[in-house]
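Given the sequences, and given the hints that come with them, work out the whole structure.
Chain order of the listed sequences is W and Z. Position 179 of the first sequence, counted from 1, bears residue number 178 in numbering that gives the first Met the number 0, the numbering being contiguous throughout. Position 67 of the second sequence, counted from 1, bears residue number 66 in numbering that gives the first Met the number 0, the numbering being contiguous throughout.
Just so you know, the hints here were simulated from the structure itself, not pulled from any lab data. There could be a bad hint or two in this list.
Claimed, not checked - Computed footprint of chain W on chain Z; a stretch qualifies when at least three of its residues, placed anywhere within it, have a C-beta under 8 Å from a C-beta of chain W: (1) 9-19; (2) 43-56.
Said to hold, decoys possible - Below, a list of computed lysine-lysine pairs in the DSSO-like style, where the Cα atoms sit at most 27 Å apart: (3) Z:Lys12 <-> Z:Lys65; (4) W:Lys98 <-> Z:Lys60; (5) W:Lys98 <-> Z:Lys65; (6) W:Lys130 <-> Z:Lys12; (7) W:Lys130 <-> Z:Lys59; (8) Z:Lys12 <-> Z:Lys60; (9) Z:Lys12 <-> Z:Lys59.
C-beta atoms are modelled at their ideal positions from N, C-alpha and C, and glycine is treated no differently.
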Amino acid sequence: MNEVPALIRVFAYLSLLTVGGGMAAFPELRVLSVDVHHWLTYPQLVHLYSVGQMAPGPNMMMIVSIGQWVGGIVGALAVVAAFFGPTALLALCAGRLWKRLEAWPWRASIQQGLAPVSIGLLLAGCFTLAKGADHDLTTGTIRGFDAQPVKIREVLFIDTEDFRLYNNAFILRRRIPYKDGFPIGLRRSSSSSGTPICRLPPRPMCARIFWAANR
Amino acid sequence: MGLILATAVQLGKRSLPHGYDLIFVGATVIGVNRLHFSVLTVLIAVGLISILWYHPGRLKKEGAAKNE
Chain W
0 MNEVPALIRV FAYLSLLTVG GGMAAFPELR VLSVDVHHWL TYPQLVHLYS VGQMAPGPNM
60 MMIVSIGQWV GGIVGALAVV AAFFGPTALL ALCAGRLWKR LEAWPWRASI QQGLAPVSIG
120 LLLAGCFTLA KGADHDLTTG TIRGFDAQPV KIREVLFIDT EDFRLYNNAF ILRRRIPYKD
180 GFPIGLRRSS SSSGTPICRL PPRPMCARIF WAANR
Chain Z
0 MGLILATAVQ LGKRSLPHGY DLIFVGATVI GVNRLHFSVL TVLIAVGLIS ILWYHPGRLK
60 KEGAAKNE
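Below is the structure:
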């Protein structure tokens, strides 16, 4: 929920870059959502884009999934309004202005000049997508990310009541709460002497995370 | 990706009548993908140069040449 203002800011800005189609904003979407805000990983973004392509309707509807991922239903609605609202308004105003400027000599120059830029932005978006989707030249097809060997890492996070780690970090898949150093609901493993193995120091807000990463 | 490429090629065939348009296309792609400028910067910079390139005088000349 606390990410909703950032979502609105980012997607309102992105909407103004969609010259030549939504794909034109894809490189910036990648930078802002993956590198700057860390809302999702690059492979996840590519997967979401693929889902958007396969689903009926505009392919940039995949932004709804990002909004839902980051801020729930409110995030999804906010993203739709932020992404399509400013562009719709701009198109309305520009359309009216364009009619009035019919005799303006620079009108044709702007039309002619922006055409190669919009095609270039479309291609730039395509190349950005290709970097994440194609893994080698020989396949010509997209190899699933699941085909890569997945390394399981165990990461220990210390959560606090203020930070609410589980709600904020997108990488978390599974949280096991601990009580007195032992996972709640799991059997205690113990050595022959009866003392528990790998006993953790008691931390009431401690969470052990299994993080599957492709790196 | 294939779909987007096909769309880009189709659009390009229709809206890029001159060979030198490819320079602007290339500059945009290089600016975003190689030089990692923000899309807004590239849009403003290349767009401005491209619009100035197609200034009304040039379009008039081209129109006149076509009519001849």
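Here's how the hints hold up against the structure:
no., hint, in the structure
1, 9-19, "holds (count 4)"
2, 43-56, "holds (count 9)"
3, Z:Lys12 <-> Z:Lys65, "holds, 19 Å"
4, W:Lys98 <-> Z:Lys60, "holds, 24 Å"
5, W:Lys98 <-> Z:Lys65, "holds, 26 Å"
6, W:Lys130 <-> Z:Lys12, "holds, 25 Å"
7, W:Lys130 <-> Z:Lys59, "violated, 42 Å"
8, Z:Lys12 <-> Z:Lys60, "holds, 22 Å"
9, Z:Lys12 <-> Z:Lys59, "holds, 22 Å"
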